Structures are given as C-alpha cells and as structure tokens.
Amino acid sequence: MITTEDKVYQAIGNAVMILLSLAAIIPIILMVTSSFTDNNTLIQNGYSFFPKKWSAYAYEWIFLSNRDTVLKAYGISAILTAVGTILSLIITTTLAYGISRQGLPFRGAITFYIFFTMLFNGGLVPTYMNYTNVFHVKDTFFGLLVPGLLMNAFNVLLMKSYFVSSIPGEILDAAYIDGAGEFAVLRKITVPMAKPIIATIAMFTGIAYWNDWNNGFIYLVKRTDLYSIQNLLNRLMQSIQALTQNTNASINAVEGLSQIPKETVRMAMAALGILPIVIVYPFIQNNFVKGITLGGVKG
Amino acid sequence: MAAKRKKLAANLKRYWTVYVLMLPGLAYLFINNYMPLPGIVVAFKKYNAKLGIFGSEWIGFQNFKYLFLTSDAWIITRNTILYNAVFIVVNTVFAIIVAIILSELYGKMKKAYQSVILLPNLISTVIVGYLVYAFLSNGSGFLNNSILPMMGKEPISWYSEAKYWPVILVIVNAWKSVGYSCILFLATILGIDRSIYESAKISGATKLQQIWYLTIPLLKSTVVMLTLMAIGRIFYSDFGLFYQIPMNQGPLYSTTNTIDTYVYRGLLQLGNISMSSAAGVYQSLVGFVLVLGANTLVRFVDRDSALI
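Residue numbers (the numbering used here), protein chains in the order written: chain A, 105 to 403; chain B, 595 to 902.
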C-alpha cells in the first residue's frame, strides 16, 4: 500500500539524489566540454558548459604531435597497474594464508609483526632515504612499483579474516592428510573458495596503482620518460612544455599544428586520464560497493 | 616442557612450507616498514648527506626545539587536526543523510544514484586538481567568468587568497568521500529488521518520526565506530588533497599546509631535512598514541570491530 506520505517522500528523495548525482558529475562534464572548446574562446569566455565555439583541436594536437609521449605514459600506467596488482595479490594471498593456519607456530607473533605496521610508521623522511640510499629505486620503474603500494597490512588482515571465517580448517586439514602440500592446498582449495575477497583486493589495488602519482612524484627525478599518465598530468599542470619537450622537432613538422592550445589541452589530457576509469567503472561498480562494505567492518 | 618442544618441532616440520609462502610478504613489510625505522634518528642529528644518517652528528632535541619555535609547527598541527575534525563531521552528516534517503527509495534509480555519487572516489587527486582548476582558475575559471559576474561580483583570485581554502577543501573532500562513506551506513540500515518499521507505521509514526526514532539511533554504533577510527587518524592528512588541489601555491600555505605537506616540502623542495624529519617523528609518535587510544576505545565499545 503506497500512501501519499510515501509518494511525497519518494518525490523529495529522488529530487535530492538527482541534485547530488549532478553535483558529483558536473565537474567532470565541465572538464569534457572545456576540452572540446576552441582555445581562443576558452581564453575569452572561460571554462564553460556551453562553449560558443566547439573544437576538437586539443585532441588533434595531442594525437598528431604528442602521440608518443601520451601513449608511452598510458603504457607505463597499464604495465604498472598489471604488474603491481598481480605481485600484490600473490604476496598478500600467501601471507594471509599463512596467518590463517591455526596450527602455525609463532602465528601470533607474525600477525603482530604485520599489524604493527598499521600502528606506527617512520614517515616520509626515513622511508625516502631507505628507498633511495639503500635500494636505489630513484629513477627506476621500481620507484613506481614498490614503495608503499605493493602490499599493505590492512589487505592482509582483511583477507585472513575472510579465509578464517569462510573456509573451515577441517577441509584444509583433510586435504593435508590426503597428502596435499600447503602450496597445493592454497592453490586448489583456499584460492578458489576466496574468489570474492581476492577480486575485491585486486580491484582496490589496481585502482590504487592506476591513480598513483605520489611515487613518480617523489622517486622520478630525471627519468621523465618513466612517467605514468598521472605523473605526466601532474607535470602538465605546471607547464605544457612537459608534453612537448621530447617532441619539439615534430611539432613544427606537423603543418598547421604549430599553435599550442594551452588551456584546452590540459583538460583534454585530464579527460584522457579519466577515460579508462569511466570505461571500467560500470563493470566493477557492484564489486566496488561490496568491497567497501567488506572492508568497512574493519576500518 | 619436553613434550611441548617436541610438538613445536613437529609443527615447524609440518608447516615449514607455509613459512616459505609467507616469506615474500614478510620481506616486503620488512623493507617498506621496518628498515626505515632506525632512520628516525635523523631527527636527532645534524644531517650531512656525505656522512649519511648514521654518520651525522648527534644534536639531541635541537631540531625539535627549532621546529616548535617556528610558527609553522602550530600552523601545520592546527590545520591537520581542524581539517580532519571538520571532514569527520561534514562527511558523516552528509553520508548519513544520503544513506537514509537511498534506503527509503524504491525502484531501480537507487543503484544508479549510488554509482554516480561514488564515481568521484575513483578519480586520481591529480585529476581532481584539474577539475577544481577549471572552476577556480584566475583567468578563465568557471566561477570568475560565469558565476561571479552573474551575481554582480568582482573576480576573485582563488589561488592567492588563503581565506577561501578551508571551505574549498571541505567541499572537495566531501565531493570525493561522501559516496564512499554512505555505503557503510546504507549497509547498516539495510541490515535493520524491517518489521520494526511496520509496527511503527501501524502505531501511526510518520516517515520522519521513523527516521528520527528508529534509523538514527540504530546507526549510532556504526557512527561511533567510524568516528573513533577517523579520530585515530586525525594526525595524518591526505597529502594529495592539500598539495595538489591548492597547486602548491605559497600564498595559500597558511590554510593549506599540513604536517604531511610540510614534511614533503622540507625533504624534497627546501632540503630542510632536520625540520622535516623532526615534524615526521612528531607525527609518527602522536599518531601512534592516537591510533592506539582510538583502538582501545573501539575495543571497549565493540570487540569485533577493533583492529586487533
């Protein structure tokens, strides 16, 4: 039975949510419309949802004279995300599996060793010195891949509690008695039974790698050719030159493209940076919501 | 005793492959989290790059003394704590309102709304910086060109006036986080037994009364838990938010500098290792006490939700 009160509530609720949804995407729309604005129009009238003169020149300019720089940054982001996510899943799963085994000697001490990293950390200065002076990750791909992102205690503990609560120890012990080694148990029993949590952590790790700009910002000083798409965007905000520095010669070579659409090219690049996320999002959103609920129970 | 040792030996023999499996993860934590710890002593030294951390001269608490003699120490502490406090309140209130509205809506749109408001959470901070720039840019920003003239106001040079940034940063943070935080509240509400609403309805309670007397009280424990956990992190700030969104503009430091941006600038832009490391240790220690304190309280409120 739907009462008048219900109807009123539905109407108000929908109205509020439509407004909030608009607020969420309006900045993205502004970015896209600006990127398709004629550069002079933009300089004159500012960023606008309804530009007086549309133009795809910013994209043309990027693809005709700077394709290599942009594609390379995309490629590095893609490789970083793929390698980072796979490595992270392997070391997270194996570690979580270990501390989920009830009979394991020193299990408590090892769990505390993992947990302590959530309570205390040395901060940026010692971490930076450790990575640059001891491991020399500065200006290497490892500088993007390893610091901070490769694994975190939270994901390990999250996965461990999933293992403990949804995979009965008896099954594992039975497999062991049947002669399966620990690695076989992990691969054939635990991993298949823990697919939801593994998918969730893979998704969060993948997003973290794709969106990370911090590592490149700190550890890439000279090797700008190792820039991920985020680092390229970051540099681009400071100067458009970042995009053209490697391709100075080719700009002049492309007839009619000698003028840099400085303002619109920024927004076009940002749009290209968001694009993969927007494409993937519809496919992962259900898992994303579930994952947040799962993680929320513990922090 | 002997039996115990025998059992341990047997278990070690049985589980040794598990240790092998755990090795990469344990080694990573050692490299990423434990190896840097001795480096904390740099805060008590006069750092000399040639001599390295451990070769440099000890100077006791002098770095800290200098740090706390500057006005920076007060500003970064105030900014870090106040921003986080406001974020906690604003985000929680908005997230609860959104969660309540969503929980009462019928139909398919509910899911669409949820997906859309969650989208900002997936956008990298660098790109959020661009989005904000499109609104605030001094020359061509949307506000200065379209909104302010419409209201008959003069353009504002947003990136050089510090006083506007507390509001801007709170809005940006809410834009990015509310979609995320509301999911947890929504999950709690959807877990509430619907029959109590039915009986409330029968007794004549209006929708607003149901929300006020049933939903909100039932959300209390989730709110308390999440708030306590956020308070545990109150000494840490989102570096990207405070560095990228204000575009690292000097005139804005008074309202945008937090402990994390201060440490970063000291280390990598100003080469002021002593101040930077002192601020870092200050953050680590106070942060540690707060996390432990918050976690103790959480355990007191709800054992299962505590970190350990």
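Source of the hints: derived by calculation from the structure; they are not laboratory data. Please read these numbers as outputs of a predicted model, since none were measured by experiment. Using N, Cα and C, we set each Cβ at its ideal position, and we do this for glycine too. Hints may be right or wrong, so weigh each one.
[To be verified] Residues from chain B that face chain A, not an exhaustive set, calculated with beta carbons under 8 Å:
1. T611
2. L864
3. I867
4. V895
Against the structure, the hints:
For T611 of chain B, the shortest C-beta to C-beta distance to chain A is roughly 4 Å, which falls under 8 Å, so the interface hint holds. At a threshold of 8 Å, the smallest CB-CB gap from L864 of chain B to chain A is about 13 Å, leaving the interface hint violated. Of the supplied interface hints, the one on I867 of chain B holds, with its beta-carbon coming within about 7 Å of a beta-carbon of chain A, less than 8 Å. Hint status for V895 of chain B relative to chain A: violated, with the closest Cβ pair at about 14 Å, above 8 Å.
The structure shown violates the earlier hints numbered 2, 4.
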